[in-house]
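Novice: Chains as they are written, first to last, in my numbering: chain A, 1 to 327; chain B, 1001 to 1327; chain C, 2001 to 2327.
Some hints could be false.
Derived DSS-like pairs (lysine-lysine); straight-line CA-CA distance at most 25 Å [stated by the list, open to error]:
#, chain 1, residue 1, chain 2, residue 2
1, C, K2174, B, K1153
2, A, K318, C, K2318
3, C, K2230, C, K2281
What the hints contain is simulated information worked out from the structure, not anything from laboratory work.
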Amino acid sequence: MQSEWTLSGIASFLNGTWQGEADLKITGIREIHLAGPGDLTFVANPVYSKYLKTTKASAVIVSRDLQTDFPNLIRVEDPQEAMGKLIPVFLSDRGLQESDRGIHETALIHETAVIGKNVHIGPYSVIGPHCEIGDETTIMAHVTLYDHVIIGKKCTIHAGSVLGSDGFGYTFHKGVFRNIPQRGRVILHDEVEMGAHCTIDRGSLGDTVIGEGCKLDNHVHIAHNVKIGKHCAFAGMSGVAGSAVIGNYCVFGGRVSVNGHIHVADGTQVAAMSGVSKSTKPGEILSGYIARPIHDFRREQAWIRRLPEMGELLNRIKILLKLDKDS
Amino acid sequence: MQSEWTLSGIASFLNGTWQGEADLKITGIREIHLAGPGDLTFVANPVYSKYLKTTKASAVIVSRDLQTDFPNLIRVEDPQEAMGKLIPVFLSDRGLQESDRGIHETALIHETAVIGKNVHIGPYSVIGPHCEIGDETTIMAHVTLYDHVIIGKKCTIHAGSVLGSDGFGYTFHKGVFRNIPQRGRVILHDEVEMGAHCTIDRGSLGDTVIGEGCKLDNHVHIAHNVKIGKHCAFAGMSGVAGSAVIGNYCVFGGRVSVNGHIHVADGTQVAAMSGVSKSTKPGEILSGYIARPIHDFRREQAWIRRLPEMGELLNRIKILLKLDKDS
Amino acid sequence: MQSEWTLSGIASFLNGTWQGEADLKITGIREIHLAGPGDLTFVANPVYSKYLKTTKASAVIVSRDLQTDFPNLIRVEDPQEAMGKLIPVFLSDRGLQESDRGIHETALIHETAVIGKNVHIGPYSVIGPHCEIGDETTIMAHVTLYDHVIIGKKCTIHAGSVLGSDGFGYTFHKGVFRNIPQRGRVILHDEVEMGAHCTIDRGSLGDTVIGEGCKLDNHVHIAHNVKIGKHCAFAGMSGVAGSAVIGNYCVFGGRVSVNGHIHVADGTQVAAMSGVSKSTKPGEILSGYIARPIHDFRREQAWIRRLPEMGELLNRIKILLKLDKDS
Chain A
1 MQSEWTLSGI ASFLNGTWQG EADLKITGIR EIHLAGPGDL TFVANPVYSK
51 YLKTTKASAV IVSRDLQTDF PNLIRVEDPQ EAMGKLIPVF LSDRGLQESD
101 RGIHETALIH ETAVIGKNVH IGPYSVIGPH CEIGDETTIM AHVTLYDHVI
151 IGKKCTIHAG SVLGSDGFGY TFHKGVFRNI PQRGRVILHD EVEMGAHCTI
201 DRGSLGDTVI GEGCKLDNHV HIAHNVKIGK HCAFAGMSGV AGSAVIGNYC
251 VFGGRVSVNG HIHVADGTQV AAMSGVSKST KPGEILSGYI ARPIHDFRRE
301 QAWIRRLPEM GELLNRIKIL LKLDKDS
Chain B
1001 MQSEWTLSGI ASFLNGTWQG EADLKITGIR EIHLAGPGDL TFVANPVYSK
1051 YLKTTKASAV IVSRDLQTDF PNLIRVEDPQ EAMGKLIPVF LSDRGLQESD
1101 RGIHETALIH ETAVIGKNVH IGPYSVIGPH CEIGDETTIM AHVTLYDHVI
1151 IGKKCTIHAG SVLGSDGFGY TFHKGVFRNI PQRGRVILHD EVEMGAHCTI
1201 DRGSLGDTVI GEGCKLDNHV HIAHNVKIGK HCAFAGMSGV AGSAVIGNYC
1251 VFGGRVSVNG HIHVADGTQV AAMSGVSKST KPGEILSGYI ARPIHDFRRE
1301 QAWIRRLPEM GELLNRIKIL LKLDKDS
Chain C
2001 MQSEWTLSGI ASFLNGTWQG EADLKITGIR EIHLAGPGDL TFVANPVYSK
2051 YLKTTKASAV IVSRDLQTDF PNLIRVEDPQ EAMGKLIPVF LSDRGLQESD
2101 RGIHETALIH ETAVIGKNVH IGPYSVIGPH CEIGDETTIM AHVTLYDHVI
2151 IGKKCTIHAG SVLGSDGFGY TFHKGVFRNI PQRGRVILHD EVEMGAHCTI
2201 DRGSLGDTVI GEGCKLDNHV HIAHNVKIGK HCAFAGMSGV AGSAVIGNYC
2251 VFGGRVSVNG HIHVADGTQV AAMSGVSKST KPGEILSGYI ARPIHDFRRE
2301 QAWIRRLPEM GELLNRIKIL LKLDKDS
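Next comes chain A alone, as it looks inside the complex (with noise of 0.2 Å):
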């Protein structure tokens, strides 16, 4: 952090414009709701204008045209990306310092690995045999690469994540479970983002691939043989089975689970803890243990709230019309 921040100093960071006390000192930076004096905050989404009101901040980032009597703003075209960049500079000794990368000691790369430029490797990684990593990737640590991992550039992969190990593939024979050799590779293309423990198992045969862009949450677990294409979401927890079929731009919530050996088409979305059991169309929205259009899963699960309703409403026609069961 540097020494002093000024209310006019951080709107003249950040291009924008200011009202209020020019020389007000900002001495911390937190969420509208739970800031107090001396702090700055900001409204990147309208939802949370109405804290305004009640905030204890000291300042506001708010954009252009936000309407409000705060005392002291910054306004700018778009809050977020004012605070994706003031953030790293006001808080600058947080995350990994640019001082600090590079290929820790502790490091195992193994001696046909073949690493990019500026490429960061945490503390008791393993990086296997043949495995390939791009220029400006970041693996923290702790990371196990089996071999033949090969990884883009500008990707990050979050502490404890395994790629290339076996997939599960057996066949059951005389009863026991006969290995099926796993000898394929990982390849994940450039700016892939992978969270803390997931795990990417290599393809048996051919390849597990993660498409250019792809964002991988924590605790993901990609199969083998799976094919992810481009600027795929995966929040906490989800995991893809084998061979599976991934298209451009589909966004998985936490928990989702997708069924081998599916297409899943391009635009997909699916909402947290839904299992898609079957391939998808394109820009598909799904919804549901089995996962189903989200409109038909609503309506669905108002019905089934409506269920102890029908049924005594069933009960008393079934007296007035004198029905019985066995009848």
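Starting from the known structure of chain A, fit chains B and C onto it as the hints suggest.
Specialist: What follows is chains B and C alone, placed relative to chain A:
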């Protein structure tokens, strides 16, 4: 294990009374349905008292008032508590030994981290910049603390857990996901215990907070900005999405999901596998894929089971009333 | 990979017959729908034989009796088994090499641990006090064994798995959770295979046991005191709560949850994402958020889908019969 344990010796150690054979040698401790000759077992939950008729154990620890004609007994106020006292002494070579406590030579501790008294840090754990670890806290092997993780006193963190990794925060802009910088902290209050492979993400701006006395089982995921009160329990594989606020004394069964940005009130209890989609009232007991009051959930489940019968009845009525679908 | 493979050479290696061009050069192996010129592929499951008309592969391994006019074929008794034999030889630089087997210099093995013959222990793995590891067992990187973990012969444990961590056992007493000491063991019988990031908790008092030949996918959680029989399979992200007893030859789909203290009988099969809440009968096939016989589950699901239609019909009847809700 000490050289020789007898029925009367154990009773004395537990401040209990004994009946039967004073010098009976106890060579093992086992669950009542699995125990054999030489074993001591116990009945803490009255449900298990039925096994008193069939157990092959040589002796049983029971409460002072339990009625049984089992020959060799130790009677104590609270059998569960007695076992809690006996086990670590009887099986004295099991678990982390006091003599092994300390900071393992392979643990990497950043020079800016502050470590309390009698802290244990296991092999290959990584403690990042500006972390603080309170007195008497135990961190097992392969744990990763990113920077600015603040841990209270008498906490336990099991192997492989990751604290302080980036939250899953992106904006979608012109066809790609852009990272929202994650620079907040993780704060664990005193006496938090956490199983293996938990992930606790750092706040985006403020802190992710876990209150005093909370217990987390294995594979629990707590997303960025979540605030959890005191003395909550999270069973295995449960997960909390970003910015949720959880009160005190809440209990979450295995694989429960909590939606982001909601408020779970004090004393809420959630059955295993449920998904809490909206804010709760104090003391609510919830269940269901989309969680609702457990009484409603059970009633709906019962009606769902009767659906085939209802459907057939409805069909009979339709025929009786000469109602045709298209009429 | 050997310098040159031909159709007839591979057929000979597999003890199969060939038809077509004996000297056809094979330069790769790929899935039938992804294969291109130079690739050998296979049809193990008749479902995939449809791709014989469109594949760009140069040659296909098929069973002896499959009817096809594809020009270049290798015929064997069991194509899946043939691939299992061919892949490790053809892709001979993939996976853990025999020459790399051994105990990595960074593996930490407690002086009281007993390690069998030809055991592989990968980098940064930690083997605690009184552990026993059977002959031919393979433990990959970053695995943590707490104390008293007993592993049989020919087992495989993938990266990041944690065995022997404390079970989740607490009593709630005067407003706080009190730890129940966890001092049991973990026992894996021979030929157990376990994916990445599994957690197997130690018994509280007795043992957590996984029977011979069981296979666990990634992210599987087995709680304290669970006893699992022989030759069971657990797909990714499945979990078993404390003290459950599971028989032989059970199969659990992805993300299945098994309740604590129940008995899952021999040969039970559970569909993905289901929750087994109560004990099962031998050979039952179950499905559902609260698992029930799969036939019942499917029937109920079909009725749920018809609920809107049923509700409308009921409404017509109500009007026809002049039934008012309050009457």
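Novice: Now tell me, hint by hint, if it's right for this structure.
Specialist: Structure-based check of all given hints:
1. C:K2174 <-> B:K1153: Distance ~20 Å between C:K2174 and B:K1153 Cα, so the pair holds.
2. A:K318 <-> C:K2318: 12 Å, holds
3. C:K2230 <-> C:K2281: Satisfied, since the Cα-Cα distance of roughly 17 Å is no more than 25 Å.
Consistency note: the structure conflicts with none of the earlier hints.
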